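Trainee: Given only the sequences and the hints, what does the whole structure look like? Please build it.
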Amino acid sequence: MTITLDGTTGITTPTTSTTGEFVTSVTGFKNRIINGAMVIDQRNAGASVTPTNNQYLLDRYYATLTQASKFTVQQNAGSVTPPVGFTKYLGVTSSSAYSVLTGDTFAIAQYIEGFNIADLAYGTANAKTVTLSFQVYSSLTGTFGGALVNGAQNRSYPFTYTISSANTWTQISVTVAGDTTGTWTTDNSAGLGIRFGLGSGATYTGTAGAWAAGNYLSATGATSVVGTSGATFYITGVQLEKGSTATSFDYRPYGTELFLCQRYFISYGGTSGYERMAVGLCNSTVSASICIFLPVSMRSAPSLSYSAVGDFGIYDGGNVTVTTALAIDQPTEKVVTIAATVASGLAQFRPAQLLGNNSTSARLTFSSEL
Amino acid sequence: MYKLISNPLGAVNVVLRIADNTSIPFDPANTDYQAYLKWLAEGNTPLPAE
Numbered sequence: 032m033t034i035t036l037d038g039t040t041g042i043t044t045p046t047t048s049t050t051g052e053f054v055t056s057v058t059g060f061k062n063r064i065i066n067g068a069m070v071i072d073q074r075n076a077g078a079s080v081t082p083t084n085n086q087y088l089l090d091r092y093y094a095t096l097t098q099a100s101k102f103t104v105q106q107n108a109g110s111v112t113p114p115v116g117f118t119k120y121l122g123v124t125s126s127s128a129y130s131v132l133t134g135d136t137f138a139i140a141q142y143i144e145g146f147n148i149a150d151l152a153y154g155t156a157n158a159k160t161v162t163l164s165f166q167v168y169s170s171l172t173g174t175f176g177g178a179l180v181n182g183a184q185n186r187s188y189p190f191t192y193t194i195s196s197a198n199t200w201t202q203i204s205v206t207v208a209g210d211t212t213g214t215w216t217t218d219n220s221a222g223l224g225i226r227f228g229l230g231s232g233a234t235y236t237g238t239a240g241a242w243a244a245g246n247y248l249s250a251t252g253a254t255s256v257v258g259t260s261g262a263t264f265y266i267t268g269v270q271l272e273k274g275s276t277a278t279s280f281d282y283r284p285y286g287t288e289l290f291l292c293q294r295y296f297i298s299y300g301g302t303s304g305y306e307r308m309a310v311g312l313c314n315s316t317v318s319a320s321i322c323i324f325l326p327v328s329m330r331s332a333p334s335l336s337y338s339a340v341g342d343f344g345i346y347d348g349g350n351v352t353v354t355t356a357l358a359i360d361q362p363t364e365k366v367v368t369i370a371a372t373v374a375s376g377l378a379q380f381r382p383a384q385l386l387g388n389n390s391t392s393a394r395l396t397f398s399s400e401l
Numbered sequence: 137m138y139k140l141i142s143n144p145l146g147a148v149n150v151v152l153r154i155a156d157n158t159s160i161p162f163d164p165a166n167t168d169y170q171a172y173l174k175w176l177a178e179g180n181t182p183l184p185a186e
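From first to last, the protein sequence lines are chains A and B. For this note's numbering, count along the first sequence from 1 and bump the result up by 31. For this note's numbering, count along the second sequence from 1 and bump the result up by 136.
Be aware that a few hints might be false.
Far from chain B, some chain A residues (derived; all Cβ distances over 10 Å) [to be verified]:
id : residue
1  : D150
2  : K273
3  : Y285
4  : P333
5  : N388
6  : S392
The calculated label-pair distances, taken between Cβ atoms and stated as ranges, are [to be verified]:
id : chain 1 : residue 1 : chain 2 : residue 2 : range
7  : B       : A185      : A       : T276      : 52 to 58 Å
8  : B       : L183      : A       : N157      : 48 to 54 Å
9  : B       : E186      : A       : S303      : 30 to 36 Å
10 : A       : T276      : B       : L176      : 44 to 50 Å
11 : A       : N389      : B       : N180      : 18 to 24 Å
12 : A       : N85       : B       : A185      : 25 to 31 Å
13 : B       : P184      : A       : N85       : 25 to 31 Å
14 : B       : W175      : A       : F380      : 26 to 32 Å
15 : A       : V80       : B       : W175      : 40 to 46 Å
16 : A       : A244      : B       : N149      : 35 to 41 Å
17 : B       : N149      : A       : A243      : 40 to 46 Å
18 : A       : F146      : B       : T181      : 32 to 38 Å
19 : A       : T238      : B       : I154      : 40 to 46 Å
20 : A       : V115      : B       : N149      : 47 to 53 Å
For the record, the hints were derived by calculation from the structure and aren't laboratory data. Predicted model, so just to flag it, every value in this text is computed and none were measured. Where is the CB? At the ideal position from N, CA and C, for every residue including glycine.
Mentor: See the structure below:
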């Protein structure tokens, strides 16, 4: 075995895969899942949500559902002790005893950007084997399911795993041979999705253990979490890595993990009443052009959302004037300009600060999620 | 429902999703914009910019 140390990639310790090729096991982006340890929750800061379809939850994870209000999601829901080595988990709680219909599906998912799976060579004869591992805890026992899927949602790999003991953290490992067919993007669009099923009908389930043409979120016969009122499904330590063996969880520095999340979502505000968020200039008595240099290059030019427009103000050195409208203007992946409007009172050509209007509820968010 | 937004110079390069006051750039890689294009393709029309 050769151990390499250089100033670019750090320490590299190759291991031999089952096919005899060398697979780096230490350096680089071993875990393709972002926020696998569930530590980042920019949107909800640990609060419980009843998600709508495609709503993002803890950073990078979103809910898929065909019926509203069947489950809630919260970081560290139920306050059980996380597995050794972890402090956070994503917790799902079933809100009712719902019998899934043929066309129903409920799941928690994360899409990996195409750039971050390009080396897996999916869709080619050289497609690499990957291993998905995670720790799971449920009030239910039995066979559970999930699926891997491509960005176009027309290639899926349903899988199953077993939880034998209720209310006990269980380490799961699923090895998946790479898909040699189908279309797999390798750019900034959705590359590879990981789905954890919470209950699905026949339309969205397939035979476990094989790639198939279709859009599946779980495996045929898997346990329905939403089928039992109050049932819990907690998960953390999610890792997807190249190779046929699950290795130890790839802990990354908190700041690194936050930066990785911020490529897709950034939130400002909430720490103090007059929190400064960005600066610019007043281009009239009723408008200001505010510029934000984003902390990371986002996946695409982001969308802008905010809490309530009255939560914000423009400070021109004289007064704080409440905003009446906020909209992005000519955003890029790196820099966003916000056109801020007030009723009156700004001094034209003065510098301007966008800040909370004495409100810790003020939230300014940028999203370029997949 | 969506509404086009013009910037202070009169250019329209953003659309507002009225339901949640989200302003969306005309970036083909932005998934909110992709949803807007799908909505347009279904025959809908946004409110004009003011």
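Trainee: Indicate, hint by hint, whether the structure satisfies it.
Mentor: Tested hints:
With a least CB separation of 21 Å from chain B, A:D150 remains clear of the 10 Å interface cut-off, as annotated. Even its closest Cβ contact with chain B, about 26 Å, leaves A:K273 beyond 10 Å, as expected for a residue assigned away from the interface. With a closest Cβ-Cβ approach of about 27 Å to chain B, A:Y285 is found to remain outside the 10 Å limit, as its non-interface label requires. Listed as outside the interface, A:P333 is inconsistent with that label: its C-beta sits roughly 7 Å from the nearest C-beta of chain B, within the 10 Å cut-off.
Look at A:N388: its CB is around 16 Å from the nearest CB on chain B, clear of 10 Å, so calling it non-interface holds up. Against the 10 Å criterion, A:S392 stays outside the reach of chain B, whose nearest CB is about 14 Å from its own CB. For the hinted restraint 52 to 58 Å between B:A185 and A:T276, the CB-CB distance of approximately 56 Å keeps it satisfied. Taking the beta carbon of each, B:L183 and A:N157 are about 50 Å apart, inside 48 to 54 Å as hinted.
Separation of B:E186 from A:S303 is about 34 Å and conforms to the stated range, judged on CB atoms against 30 to 36 Å. Checking the proposed 44 to 50 Å range against A:T276 and B:L176 shows it holds: the Cβ atoms sit about 48 Å from each other. Our hint of 18 to 24 Å for A:N389 and B:N180 is violated, since their Cβ atoms are close to 39 Å apart. Look at A:N85 against B:A185: about 27 Å separates their beta carbons, and that is inside 25 to 31 Å.
In this structure the hint that B:P184 and A:N85 lie 25 to 31 Å apart at CB holds, the actual value being about 28 Å. At about 39 Å, the beta-carbon gap between B:W175 and A:F380 misses the expected band of 26 to 32 Å. One distance hint, 40 to 46 Å for the beta-carbon pair A:V80 and B:W175, is violated here, with the actual separation near 25 Å. For the pair A:A244 and B:N149, the supplied restraint of 35 to 41 Å holds, since their beta-carbon distance comes to about 38 Å.
One distance hint, 40 to 46 Å for the beta-carbon pair B:N149 and A:A243, holds here, with the actual separation near 41 Å. For the pair A:F146 and B:T181, the supplied restraint of 32 to 38 Å holds, since their beta-carbon distance comes to about 35 Å. Take A:T238 and B:I154: their Cβ atoms lie about 43 Å apart, and the range 40 to 46 Å holds. A:V115 and B:N149 have their C-beta atoms about 51 Å apart, which keeps the hinted 47 to 53 Å range intact.
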